[in-house]
Amino acid sequence: MSLKNYTSINDIDHIETWIQEALMIKSNPLKNNELGKNKTLGLLFFNSSLRTRLSTQKAALNLGMNPIVMNVSGDAWGIEFEDGTVMNGSTAEHIKEAAAVVSQYCDVIAVRAFPSLTDKIKDESEHILKSFIKYASVPLVNMESSTSHPLQGLTDAITIKENTTKKRPKVVLSWAPHVKALPHAVANSFTNAMQKMDVEFVIANPKGYNLNPEIVKDTLVYHDQKEAFKNADFVYAKNWSSYEDYGKVVKTDLDWMITKDKIGAAKFMHCLPVRRNVVVEDAVLDSENALVTEQANNRTFAAQLVLKKILENV
Amino acid sequence: MSLKNYTSINDIDHIETWIQEALMIKSNPLKNNELGKNKTLGLLFFNSSLRTRLSTQKAALNLGMNPIVMNVSGDAWGIEFEDGTVMNGSTAEHIKEAAAVVSQYCDVIAVRAFPSLTDKIKDESEHILKSFIKYASVPLVNMESSTSHPLQGLTDAITIKENTTKKRPKVVLSWAPHVKALPHAVANSFTNAMQKMDVEFVIANPKGYNLNPEIVKDTLVYHDQKEAFKNADFVYAKNWSSYEDYGKVVKTDLDWMITKDKIGAAKFMHCLPVRRNVVVEDAVLDSENALVTEQANNRTFAAQLVLKKILENV
Amino acid sequence: MSLKNYTSINDIDHIETWIQEALMIKSNPLKNNELGKNKTLGLLFFNSSLRTRLSTQKAALNLGMNPIVMNVSGDAWGIEFEDGTVMNGSTAEHIKEAAAVVSQYCDVIAVRAFPSLTDKIKDESEHILKSFIKYASVPLVNMESSTSHPLQGLTDAITIKENTTKKRPKVVLSWAPHVKALPHAVANSFTNAMQKMDVEFVIANPKGYNLNPEIVKDTLVYHDQKEAFKNADFVYAKNWSSYEDYGKVVKTDLDWMITKDKIGAAKFMHCLPVRRNVVVEDAVLDSENALVTEQANNRTFAAQLVLKKILENV
Chain A
1 MSLKNYTSIN DIDHIETWIQ EALMIKSNPL KNNELGKNKT LGLLFFNSSL
51 RTRLSTQKAA LNLGMNPIVM NVSGDAWGIE FEDGTVMNGS TAEHIKEAAA
101 VVSQYCDVIA VRAFPSLTDK IKDESEHILK SFIKYASVPL VNMESSTSHP
151 LQGLTDAITI KENTTKKRPK VVLSWAPHVK ALPHAVANSF TNAMQKMDVE
201 FVIANPKGYN LNPEIVKDTL VYHDQKEAFK NADFVYAKNW SSYEDYGKVV
251 KTDLDWMITK DKIGAAKFMH CLPVRRNVVV EDAVLDSENA LVTEQANNRT
301 FAAQLVLKKI LENV
Chain B
1 MSLKNYTSIN DIDHIETWIQ EALMIKSNPL KNNELGKNKT LGLLFFNSSL
51 RTRLSTQKAA LNLGMNPIVM NVSGDAWGIE FEDGTVMNGS TAEHIKEAAA
101 VVSQYCDVIA VRAFPSLTDK IKDESEHILK SFIKYASVPL VNMESSTSHP
151 LQGLTDAITI KENTTKKRPK VVLSWAPHVK ALPHAVANSF TNAMQKMDVE
201 FVIANPKGYN LNPEIVKDTL VYHDQKEAFK NADFVYAKNW SSYEDYGKVV
251 KTDLDWMITK DKIGAAKFMH CLPVRRNVVV EDAVLDSENA LVTEQANNRT
301 FAAQLVLKKI LENV
Chain C
1 MSLKNYTSIN DIDHIETWIQ EALMIKSNPL KNNELGKNKT LGLLFFNSSL
51 RTRLSTQKAA LNLGMNPIVM NVSGDAWGIE FEDGTVMNGS TAEHIKEAAA
101 VVSQYCDVIA VRAFPSLTDK IKDESEHILK SFIKYASVPL VNMESSTSHP
151 LQGLTDAITI KENTTKKRPK VVLSWAPHVK ALPHAVANSF TNAMQKMDVE
201 FVIANPKGYN LNPEIVKDTL VYHDQKEAFK NADFVYAKNW SSYEDYGKVV
251 KTDLDWMITK DKIGAAKFMH CLPVRRNVVV EDAVLDSENA LVTEQANNRT
301 FAAQLVLKKI LENV
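Protein chains in written order, with UniProt numbering: chain A, 1 to 314; chain B, 1 to 314; chain C, 1 to 314.
Worth flagging that the hints you see were computed from the coordinates, not collected in a lab.
Nothing here was measured: the structure is a model prediction, and the numbers come from that model.
Be aware that one or more of the hints could be misleading.
One copy or any two copies: either way a pair holds, since identical chains are not told apart in the list.
Quick list of in silico lysine-lysine cross-link-like pairs, BS3-like style, CA-CA up to 25 Å [to be verified]:
| hint | residue 1 | residue 2 |
| --- | --- | --- |
| 1 | Lys134 | Lys260 |
| 2 | Lys251 | Lys120 |
| 3 | Lys262 | Lys122 |
| 4 | Lys170 | Lys207 |
| 5 | Lys217 | Lys207 |
| 6 | Lys37 | Lys26 |
| 7 | Lys196 | Lys309 |
| 8 | Lys161 | Lys262 |
| 9 | Lys161 | Lys309 |
| 10 | Lys309 | Lys39 |
| 11 | Lys248 | Lys122 |
Build the full structure now, drawing on both the sequences and the hints.
This is the structure in structure tokens:
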């Protein structure tokens, strides 16, 4: 299936096929390097980025595309997203113009825009992402929005497939401590992806940290981490701030930190960046069971698959 | 005619020919994509940019050039423009060295440097632009200087030509309100361009907002916006701060805002970014008469024509 | 000899051969522009840069590589370099992950990271550079670290060779005044390079400004600038902060400023950026004896030689 926009894991029609296609790309990354010739990918960052910034550019280059990177806040100016506003404040350009204009120069636009974590309704409306889709005239790739990070979710699915021989491995998404309030996007997209795969998927998080029930659906949620980790093949750690008490950090003690003792022989995954000895102890990250570098590597091929599907459709 | 530097609309020898050449490029943007092979365009930004940043890179890529972008202040350090200074203050590199050095790595240099709007004599001396021309050993493109924005002016000329069937359309440049003190560069270059074209060109601005008389020359200036808009085919809106009371905002009420009622069937133009419902109401920008996206699109072909002419001369 | 990493002048096995190879590249910069095809150079800047930023990109482009630039602090987040830390402070990602991750996307990594100038032991440990080498899985190029700037040192060696007909010219490295505390890296690498060449090399600096004795070795150090400059063919000026009273500025008066009177017919060199009329007077920089622009030009070919040697080894 060809692809118009890639905004959430729901845009994946058949995840097992996509994983196979991504692994084909990984085995021969330059096979399609004429497909993007003379095509431009505009990467717009409203927030910081390392992996996404580099891997998405690398994916574009592998396809022969020209990436153009822009830090929206530093390089340009404040963008207005509200309709009908009298723009006499701090924003200097409306998304209607900004998205239309960028579409004149870029064949595909990729956007990163984190949530406020203060206004649940606004964040959940995905107004930035949806405004770009509405007003841009070219395909859009989500490089992490308020509620989802589907390039990461696809990456994680690929990485799990690559690292198991089991027909139906057990995968645990575990909340882990952090000092700052973090978004739900990675946890949401990972959950979405696992629900589409043939895995035994459970979530472990403290009380007060349940994810959005519309994401969790009928996935089993444990509040006892030890119980959840029993017979786990993969432990995926991630901090997120409270969803119920929206954006708040209600627990910071380290009893939910991932340790070698806790996970045993299970493979360890994390999207990175990760705070060592807060989210997870050194002994886990420095062991052979840590898949974090391989996850980072697979970001390129997830992005490349998405861009390839979009380019085939342009 | 081949081109050494492109610093103002005065560098255009015959604007109607340039417009035709730009439209040829637009109809086949990749025709000359070997011309810039192994050539580097250095884009130096002293100020923020969205359209110029993206369209100039796109133009370079269409010609096969390698663009290298640098935000001078964030990426490097303060540049000194005065001769003979004892540099024991905040500037760390003199333009003599900076321009000579960048010339070692770039085949063409493009510079954006806004005016202070506090020192009229210094701004009008175009000391930044002229210092680059003096000390660089390669051609220079003005991406908006203190007093002119000739890539925009050429773009606007192209857009008007594309959107009229009249032999001699009426074009009005109208001042419009804004909350901040803005430069005169766009208005100046638009005026320069219109004066070279076969159009009926008039300017509308409140008292106290006359542009530099050396730019206006014998162009008719109305202080009555309604009178100026009569039978207009194009209304080009732009705010600028006072020239007489240099850099000051002497009027902020919205009675000069562009409305659908005021412009009727005339096409609406603006260089963007534009503050909605301050400079112009939503009803105008959201109508089919708004040419702003097409103007943004034509920025690529204006830049590409300029770079092509320069490359043919290198 | 092929090259794994380029971290200091000590990585140059035979400097006279390298100079000849660099001059060959200079005479035909595009000769090897297939060598880097589909290879990516990641340029990571922890600090500002103009020459290094542009010349290293230009070198990569000449070899057909794709450069990807990242300002680590602005574009990404604080990186932790200490082992075993509980990362509950301002750093969000450990160098172990960061270096491993960047290695997934880049075939070569180039890093600029200045010293603190407050902690001599930490700076001299070169912990940032060494951490990258330890945890990256691809070759690393030093774009100026705490204690060395070997792309500049190689450049300077090339420039001296190009600009002398003498078998054994006299080269003086002279301290010069500055208002801020500057690193020792350029002075160190220049000293390293000169000690490997067939030149008469001496250093001139005020008392209290001796460089690290392990760098100086048996090079003659004058505290009398006039005495040192006698019969000099090249005067290389550079400020550095005190090494003994680490990182302190103990002298700011201008009696050590380089003047035309002082250097006579000697060629003048400086790595740039240079503060005019503080480090050196206008009359020297504006004279034909100043080689600073040619040094900047040669930065490209030094970087290109280093990248070529690394690519031949990948």
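Numbers of the earlier hints that this structure fails to satisfy, in rising order: 3
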